[in-house]
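Engineer: Work out the full structure: start from the sequences and follow the hints.
If you read the protein sequences in the order shown, they are chains D and C. Going by this note's numbering, the letters in the first sequence line up with residues 3 to 278, in that order. Going by this note's numbering, the letters in the second sequence line up with residues 3 to 278, in that order.
Just so you know, the hints here were simulated from the structure itself, not pulled from any lab data. Worth double-checking, as some hints may not be accurate.
Pairs involving identical chains hold if they fit within one copy or between any two copies, as the list cannot separate such chains.
Here are the simulated lysine to any residue pairs, SDA-like style, with alpha carbons at most 25 Å apart [stated by the list, open to error]:
| # | residue 1 | residue 2 |
| --- | --- | --- |
| 1 | 77 | 151 |
| 2 | 265 | 6 |
| 3 | 243 | 137 |
| 4 | 59 | 225 |
| 5 | 161 | 174 |
The model shown is predicted, which means the values in this text are computed figures rather than measured ones.
2 protein chains.
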Amino acid sequence: MEIQRYKLTIAYRGTAYHGWQKQLPNKYYKGPAPTGGLEGIPTVQETLAVAIQAVVKHQVNLVGSSRTDTGVHAKGQVAHFDTHMTQIPLIGLQRAINSRLPADIDVRRIEPVPPTFDAISSTASKRYQYFLWNDRRKPVYFSDLAWHWWHRLDVDAMKDAAARFVGTHDFASFAKSGHGRESTVRTVYACDISYRPPRFVFGVEGSGFLWNMVRIMVGTLVQVGMGTYEPEEITRMLESKDRTAAGHTAPAHGLFLQWIKFKPADVADAPQGDQN
Amino acid sequence: MEIQRYKLTIAYRGTAYHGWQKQLPNKYYKGPAPTGGLEGIPTVQETLAVAIQAVVKHQVNLVGSSRTDTGVHAKGQVAHFDTHMTQIPLIGLQRAINSRLPADIDVRRIEPVPPTFDAISSTASKRYQYFLWNDRRKPVYFSDLAWHWWHRLDVDAMKDAAARFVGTHDFASFAKSGHGRESTVRTVYACDISYRPPRFVFGVEGSGFLWNMVRIMVGTLVQVGMGTYEPEEITRMLESKDRTAAGHTAPAHGLFLQWIKFKPADVADAPQGDQN
Numbered sequence: 003m004e005i006q007r008y009k010l011t012i013a014y015r016g017t018a019y020h021g022w023q024k025q026l027p028n029k030y031y032k033g034p035a036p037t038g039g040l041e042g043i044p045t046v047q048e049t050l051a052v053a054i055q056a057v058v059k060h061q062v063n064l065v066g067s068s069r070t071d072t073g074v075h076a077k078g079q080v081a082h083f084d085t086h087m088t089q090i091p092l093i094g095l096q097r098a099i100n101s102r103l104p105a106d107i108d109v110r111r112i113e114p115v116p117p118t119f120d121a122i123s124s125t126a127s128k129r130y131q132y133f134l135w136n137d138r139r140k141p142v143y144f145s146d147l148a149w150h151w152w153h154r155l156d157v158d159a160m161k162d163a164a165a166r167f168v169g170t171h172d173f174a175s176f177a178k179s180g181h182g183r184e185s186t187v188r189t190v191y192a193c194d195i196s197y198r199p200p201r202f203v204f205g206v207e208g209s210g211f212l213w214n215m216v217r218i219m220v221g222t223l224v225q226v227g228m229g230t231y232e233p234e235e236i237t238r239m240l241e242s243k244d245r246t247a248a249g250h251t252a253p254a255h256g257l258f259l260q261w262i263k264f265k266p267a268d269v270a271d272a273p274q275g276d277q278n
Numbered sequence: 003m004e005i006q007r008y009k010l011t012i013a014y015r016g017t018a019y020h021g022w023q024k025q026l027p028n029k030y031y032k033g034p035a036p037t038g039g040l041e042g043i044p045t046v047q048e049t050l051a052v053a054i055q056a057v058v059k060h061q062v063n064l065v066g067s068s069r070t071d072t073g074v075h076a077k078g079q080v081a082h083f084d085t086h087m088t089q090i091p092l093i094g095l096q097r098a099i100n101s102r103l104p105a106d107i108d109v110r111r112i113e114p115v116p117p118t119f120d121a122i123s124s125t126a127s128k129r130y131q132y133f134l135w136n137d138r139r140k141p142v143y144f145s146d147l148a149w150h151w152w153h154r155l156d157v158d159a160m161k162d163a164a165a166r167f168v169g170t171h172d173f174a175s176f177a178k179s180g181h182g183r184e185s186t187v188r189t190v191y192a193c194d195i196s197y198r199p200p201r202f203v204f205g206v207e208g209s210g211f212l213w214n215m216v217r218i219m220v221g222t223l224v225q226v227g228m229g230t231y232e233p234e235e236i237t238r239m240l241e242s243k244d245r246t247a248a249g250h251t252a253p254a255h256g257l258f259l260q261w262i263k264f265k266p267a268d269v270a271d272a273p274q275g276d277q278n
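Structural biologist: In structure tokens form, the structure reads like this:
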């Protein structure tokens, strides 16, 4: 019986979900269980798995590339699962799954991939976007999709500071404790800021990210814009390897997982059969 | 003690509210109490009144121009209230109220008006907008702000039909029973459709509107676009004065109250004093 692995590209609005997946406290985690008080609120992964299982008629192990936190959104989350139900045409499979999903989750793409593909270990780079609404007027219609922060910001200083994140650094100062990663060294390929008043969009592309890394980077950049820190201080913050040396953590609801790139070798040679 | 009347222009996202105001069943209303099952869900009017009262330090009677239904949004709802707390500068009053409101309600403007101004009886005309997302892909990030309807639509036929609503007609066929109005004759000044794929925006401007009038007009226009009705049938529907002669009611969440115009005489001569 042929088993086929499928790669899903998913868009969702995280507002109504307890993140992609319940965060399991690990040995490094000091705080309360992240699920505290949120029992009963579904995760995107659970909701999506239920829809897939209703279509393929068997349990699936749905593995997501990024564990987005509660309230965080995605334009291009990626996940994989295996099934022997390979006789379902791809487009039919996608529509059947989407018809069983709520309005705030949509499978944008579904592709067969070789068993070498793994949504987590095959990841080459990711890009996040963070939206900030810098106006006195509230973003009434998208209050859950952008951080509303009204204070005059020095854009040039922010861009100067943002550039200092680019490169391979130890991002320990920009990680929430309990991230549970052995190494806190990451490579940031790009950290850009676009400003079309009153909207700021921060873009951060990197090899991988630590827990709350983008949100702490954005919170710190906003404090640079307010004059709390000088752009030069970013370097010192990185060197200190101490969370208290960096700035505040920006709220979750302004964050979007934009896209994920994978190692070409792992996605190559996808069997083209009766899936198409 | 000087009493001053204030006119508020308000924007809100109706998703989390039980409409502007709880609809009181009237002698014409046949169905279940509209509040059925929704007790505990706040209305926009209640939420706004609480914020105003916290600022002016006394009970206020907040009168809104349009009783938008549950899930309906507003860019320019208008309401009025009276207070003797005229020593509060206008801008301070607005900011104090907004700081006490949730992220999905924002007072866009506050102006002193003469006691002749009444948010309901001074209304000259109103314009509603209805947003339709005509694509297979779901509007994941604004699923509560547009009707997601995927079916090829004949735009020309819809525009032809829309034009037939313009003028003074008896809109009994386009009113939900229980509207409780003596007369169902209304004047529609404009009924336009803009289409920038995949987004349709219906705009309806009129002297006044019956319960669900815009939503039934939009639902019927979409059925014209699908070929269920010919554009010419709009005239027959109006003449029949029978709700069953018209089409479906479009869902509430695509509807926005865009703006309200008032009789110039009623808003004139606003006292310009220490309010400014």
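Engineer: For every hint, state whether the structure bears it out.
Structural biologist: Results of checking the hints against the structure:
1. 77 <-> 151: Intra 23 Å, inter 21 Å, cutoff 25 Å: intra and inter.
2. 265 <-> 6: This pair counts as within: shortest intra-copy Cα distance 19 Å, inter-copy 68 Å.
3. 243 <-> 137: neither (34 Å within a copy, 48 Å between copies)
4. 59 <-> 225: Close neither inside one copy (51 Å) nor across copies (36 Å); limit 25 Å.
5. 161 <-> 174: within (22 Å within a copy, 59 Å between copies)
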